[in-house]
Amino acid sequence: MHIATWNVNSVKQRLDSATAWLAERNPDVVCLQETKCVDDAFPREAFEGLGYNVATHGQKGFNGVAILSKAPFDEVTARLPGDNGDEQARFLEAVISTPGGVVRVASIYLPNGNPPDTEKYSYKIKWMDRLIDYARERMALEEPLLMAGDYNVIPAASDARNPSAWVGDALFLPQTRGRFRSLVNLGLTDAVRAASDNSDLYTFWDYQAGAWQKNNGIRIDHVLMSPQATDRFVSATIDRHVRAWEKPSDHVPVVVELAIEGT
DNA sequence: ATGGCCAATATGATTGGA
26 MHIATWNVNS
36 VKQRLDSATA
46 WLAERNPDVV
56 CLQETKCVDD
66 AFPREAFEGL
76 GYNVATHGQK
86 GFNGVAILSK
96 APFDEVTARL
106 PGDNGDEQAR
116 FLEAVISTPG
126 GVVRVASIYL
136 PNGNPPDTEK
146 YSYKIKWMDR
156 LIDYARERMA
166 LEEPLLMAGD
176 YNVIPAASDA
186 RNPSAWVGDA
196 LFLPQTRGRF
206 RSLVNLGLTD
216 AVRAASDNSD
226 LYTFWDYQAG
236 AWQKNNGIRI
246 DHVLMSPQAT
256 DRFVSATIDR
266 HVRAWEKPSD
276 HVPVVVELAI
286 EGT
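Note that the numbering used here has the first sequence beginning at 26, numbered continuously upward.
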C-alpha cells in the first residue's frame with residue numbers, strides 16, 4: 026500500500042501535474058495540502074475518473090486539505106480538535122478500509138508561523154500542542170496511523186541545504202523543533218528518516234532566487250507513523266523529479282509504502 | 001530568505017506563502 030502527501034499549492038493550478046503524477050505513481054492514498062479552494066469548487070471528477078474517492082476540507086482563497094483514496098472511506102472528520110474558534114482549513118482525518126485491515130490517515134497543513142514575533146507564531150505553537158494532544162489520543166487506539174502533510178518544520182540542520190539561513194525563522198526555531206520532537210517522542214516514526222540518514226532529502230524549494238537550480242531546499246513535508254504502521258513500513262521516497270516539471274508546486278510528493286495485504 | 005516567484009482576490013494592489 027502506497028500512501029503519499031503533497032502540498033500542491035492550488036489544486037486547480039496543479040490539475041495536469043497531479044493527474045500525470047497519479048497515473049505514473051498509482052498511490053492508494055494521497056493527502057493534499059494548500060488546495061486553495063472551497064469544497065464545491067474542488068475538481069473531484071478529475072480524481073474520481075482515476076478511481077479515487079475524494080474527501081475535501083477547503084476554504085476560500087488559501088489553506089485547504091484533501092484526501093484521495095482508492096479504497097472507500099469509513100469515516101471522514103475535518104478540523105483538529107482543541108479550538109472550536111479555529112476556522113482555518115488545515116486538518117482532515119479519514120479511516121480507510123482495505124482488504125488487509127484498517128488504516129487511519131490524517132492530512133495536515135501546519136501553520137507557517139512567520140513572522141515569529143506575531144500572533145501567527147503563537148497560533149503555530151498552539152496548533153502544534155493541539156496536534157500533540159490529537160496524536161496522544163489516537164495512538165491509544167493502537168491502529169496503523171499515518172500523519173502526513175506539510176508540517177512547516179525543519180526538524181534538524183541536516184534537513185536544510187543552508188541551515189544558517191533559517192536561524193530565527195518560524196520553521197526552524199528551537200521552540201518549533203522542540204514541539205516536533207515532543208510529537209515524535211510519543212512513539213511516532215519519521216518515515217523518510219527511517220529509510221535514510223542522507224542530508225540531501227528536501228521536499229520544498231522556493232520559487233525565488235533559483236532555489237531549485239541551486240538545490241537550496243528544505244525538508245518540511247513529513248509522514249509520521251504509529252508503531253502499528255511502522256511495523257509494516259517498507260520504504261519512503263521523495264518524488265523530487267516532479268519539481269522540474271512545467272508549472273510545478275514548490276513542494277514535491279513524499280510516498281510511503283506499507284506492507285498491507287491486498288493493496 | 002530575497003534581486004530574482006506564485007496564487008487568489010472582484011485584481012490592476014494586496015495578502016499569504018516559506
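Keep in mind the hints are simulated off the structure, nothing from the lab. Do not rely on the hints blindly, as some may be mistaken.
[Stated by the list, open to error] Computed list of lysine to any residue pairs in SDA-like fashion (alpha-carbon distance at most 20 Å, straight line):
#, residue 1, residue 2
1, LYS95, GLU112
2, LYS37, GLY110
3, LYS95, GLN113
4, LYS272, ASN34
5, LYS85, GLN113
6, LYS37, ASP275
7, LYS85, ASP99
8, LYS85, ALA45
9, LYS85, VAL120
Those earlier numbered hints the structure runs against, lowest number first:
Structure breaks hints 1, 2, 3, 7, 8 and 9.
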